[in-house]
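Work the whole structure out from these sequences, hints included.
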Amino acid sequence: MAAGSALLVGLVEEFVSGQQDSKAADTATGLKAGQFTILQLVEALGLHLASSQPQTRARGVQLLSNVLQQCHGDLTEREVDVLLAFYENRLKDHYVITPHVLKGMKALTKCSVLPPGSAVSILKSLFQDVHVQSLMLVERSCVYNILTQLMESRESELKGLGADFVFGFVQSVDGERDPRNLLLAFQIARKIIHGGYDLGKFTEELFEVTSCYFPIDFSPPPNDPHGITQEELILALRAVLTGTPRFAEFLLPLIIEKLDSDVQSAKVDSLQTLTACASVYEHKELAEFLPGLWASLRREVFQTASERVESAGLAALGALTACISRSVLNSDSEDYLNVFLDLVLKDCQHHLCEPDLKLVWPSAKLLQATSTASYRASHRVAAAIMPSLIEQYNSRTQVSHTSQLGHSISVSVDARQAVRQRCLTALAAVSSRPSVVQESTPVLLQVLTFSHTGMCTGSFSLEEVISVCHNLQRIAEHAQDTEETGRVFHDIIIPRLLGLALQAAMRDHPSPLVEESVLSAMVPVISTTCARLQSQLAGQTASRAVSLFLDGDMSFLPENAFPSQIQLLKQAGDSWRQSQMVCLLMGCVCSLPRSVEVPQMDRLLLELEELSCTCDHPFSYTSAAKCYAGLVNKRPAGESSSPVAKALLLRYHPLSTALTDKLFSLLSDSELGSLAADGFSLLMSDSPDVLNRGCNADVRIMYRQRFFTENSAKLVQGFNSAAQVLFILLPLLLEALSCPDQAVQLSTLSCLQPVLMDPPSALITHAKTLIFTQRFFCLSLSLSSQKVRIASLRCIHALSRFPEHEVRLGPGLVLRALAVPLDDLKRMVRNEAVVARNEWFLLGSPGGR
Amino acid sequence: MSGGARLENANPLIFQRTGERLQTANDEDEDVADPIDDREIFDILSVSINDPEHPLSLEELNVVEQVRVRVNDQENTVGVEFTPTIPHCSMATLIGLSIKVKLLRSLPERFKIDVHITPGTHASEDAVNKQLADKERVAAALENSQLLEVVNQCLISNARTG
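In the order they appear, the protein sequences are chains A and B. Mapping to the numbering used here: the first sequence position 107 is 107, numbers consecutive. Mapping to the numbering used here: the second sequence position 28 is 28, numbers consecutive.
Hints are supplied without guarantee of correctness; some may be wrong.
Stated by the list, open to error - One side only, chain B facing chain A, incomplete, derived with CB under 8 Å: (1) S106; (2) L107; (3) V150; (4) I156.
Hints are computed from structural coordinates only; laboratory data are not their basis. Every residue gets a Cβ at the ideal spot worked out from N, C-alpha and C, and that includes glycine.
Here is the structure:
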């Protein structure tokens, strides 16, 4: 290959002597083209490489290294072997040559055909012959790159070096200052730690050579072309320091020491590093340092003015707690978690109860951090502080912080049900101020959402969901009526409730939110809100609800993933899940203050009437009817039907008479009789969810009394009808007698007495007459008004005509009982008692009746 | 009416009944206590006890008069003097017993009831008074069903519309 060699010689000459750098590229091209081999190049360089001038030698090596950089992939193993021997040897040469030697070595290490054993020999030579920190920046980089490359390709071989490798690395890095190089060095160190390299007895050295940079304090120069940030360095170093539990004994004291620093970023870095290592360590690494760590963390959270430091500290505490919670208990070891938590509680618990509020929040946050770390911790912390929190609430000290705590404890969703329940209840109990309401209600809503989506591991029972609704209602009932609170309820809570219920209704899979008991528990939340909080917003809620139910307008609901067409007030086939939502509509429109108008009233009434008549799902049609009744009650004039009678009755509408007549006429109907009697019950009873004063309904006083007075004749007629009617009406009359309203009692007694004087046979044998007797006696006592006492005594007198009665009661009982009103304060009462008692004496007595 | 065909006092003097007691404002007032007074006792006795022989009340026969009724509510005592229609009236004991029974049935237990014949109006007033004053005697008498029957018949109230 004479031409090749001639070319080669020429190129070499031009490069080395002629100082033409471009010839290197040409040489590489030639090599690649196969015009000559690498070893021929070495031979051609021979003279120059042996020159007595270091610069010449350097130039020679430079050419070779440049070519190798281009062509290392084309080399054979033998060639690499030879070259390596050469290069290793050159490491001992003059320092001006070293940069080129390193460059060439770097290229060689990239060869895939690197012979076995070369990695070790390269490193040995490097560590032996090169003092890395004396090199310039680029050369040092080169060394690190060589290390990195070899670790990547020849890992097992390097591990064969044992601890010497680590030692060599430590020596190379010791004192490095350049950030780019440090990044490389940290990456190598990290690889050493994670790669399973034998640290031998150099663990501490490795730690020290890296930890001396902790905490990183680096300000990149302006216009830095390399763009290395402090954050990158921090993270790279952190990965090293926290990489192995073997560093724990060195790292933890370092962290404690650095936490003392005045520099905020140092504190934050320390705390974040602590958090990172806690996830790797076990309790045994932390054990001896826990008191010191806790003291520092506590100090940082108590004294801090910086939110960053505080949140880092809390995160660290959480990580520590989680780490300790993971520890496995031996039967003879103490429970490490309890020991640690005792420490925490000892320092924090009493602050919660102190009147000095300064330390309340930090203490609460510390406790929160520990309790959210693990289930065991949450249980322990909650059990320790809930009693004192509840006691403190009861003694009415400042309790806004307790909501925060309750919030956090309940957020740890894996907590056991009882703990959760107590927390939620306590939360509701303390939520009267607007700021607290804003904190606590999201928690409760979250529970509802989770229960519906089934999102947490310990699923919520029906009782819990209902209890959440009760708690929400409690908050609505006791919270101060401010715009803030009003917005929370009207703009967040009610739309969310409606949205969740609608979601549950639309889907097929089971959810607690389709249960009647749950929906019934939701209603008071809505109705209390509308009745009490911010009437203007209540009007808005009512409008939205009406739009939703009449027109399917879902725009105000939080999640809009619903089918476009819904008709909640129509029941078709199996859509009871949707139609039963009408109870929520009732909550929205039937409890509004008088000043608020319900939009589209006519249409609403029409649809509700239809739903209540045509629907066959009991809860749905009952709710629709109640809603209807509630709306009608607020109207100046209107049409009527069954429970509407009550609505009208309450307002004493003239039409009500016709209605009640109708009900009376139905009493004797064999089929509808009992329904009619139920209707009477409904009329006379207090309905908690719709028609009473609590719902701003129009309640004219003494409606019951009016009813009885006007209808007593009909009632008596009812008695005289079939015995079945009697059976139905007697409970009603009994209830009327038990009613606290004296006017009602009087009318009932007045209408009963003539019946008793001339009783139908069915009445005489009826078991309930005994109860009536008892009731009469109660009423004859001085608690009632005079007129009632007189009327009841007359009824007792009338009962003397019941021979069976006397048998049941026993001869002396009535007489003894009647002895009491003989001494009544009022003469007229005494007169009646005398008459009654004397009649009773004659009963069954010789010469008597 | 008991026993025999011949009446002892075939043509008794009939006195006018006093009118119904007038009600006062205090009667209506819930908070004002009405003390038990003479009139009240008188009303108990007068209207509803019939003379054994005549379909007339004791009041109408002047057997009982309001002036002869003394009650002390505070001291729990009631004293009733009754005047038999004729001095040898053999019904005196019965009348007295009826009065006593009526009062026993109509008054609170706290009252001590004294029933006796108006002095000087009956031949055997001492004996009768002694009987009436003897509690055990009275109780024994009332256990006698025949006697009780008679007493009860005296005490059956006239139709009272209430």
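Taking the hints in turn, this is what the structure says about them:
no. : hint : in the structure
1   : S106 : holds (4 Å)
2   : L107 : holds (6 Å)
3   : V150 : holds (7 Å)
4   : I156 : holds (7 Å)
The structure shown violates none of the earlier numbered hints.
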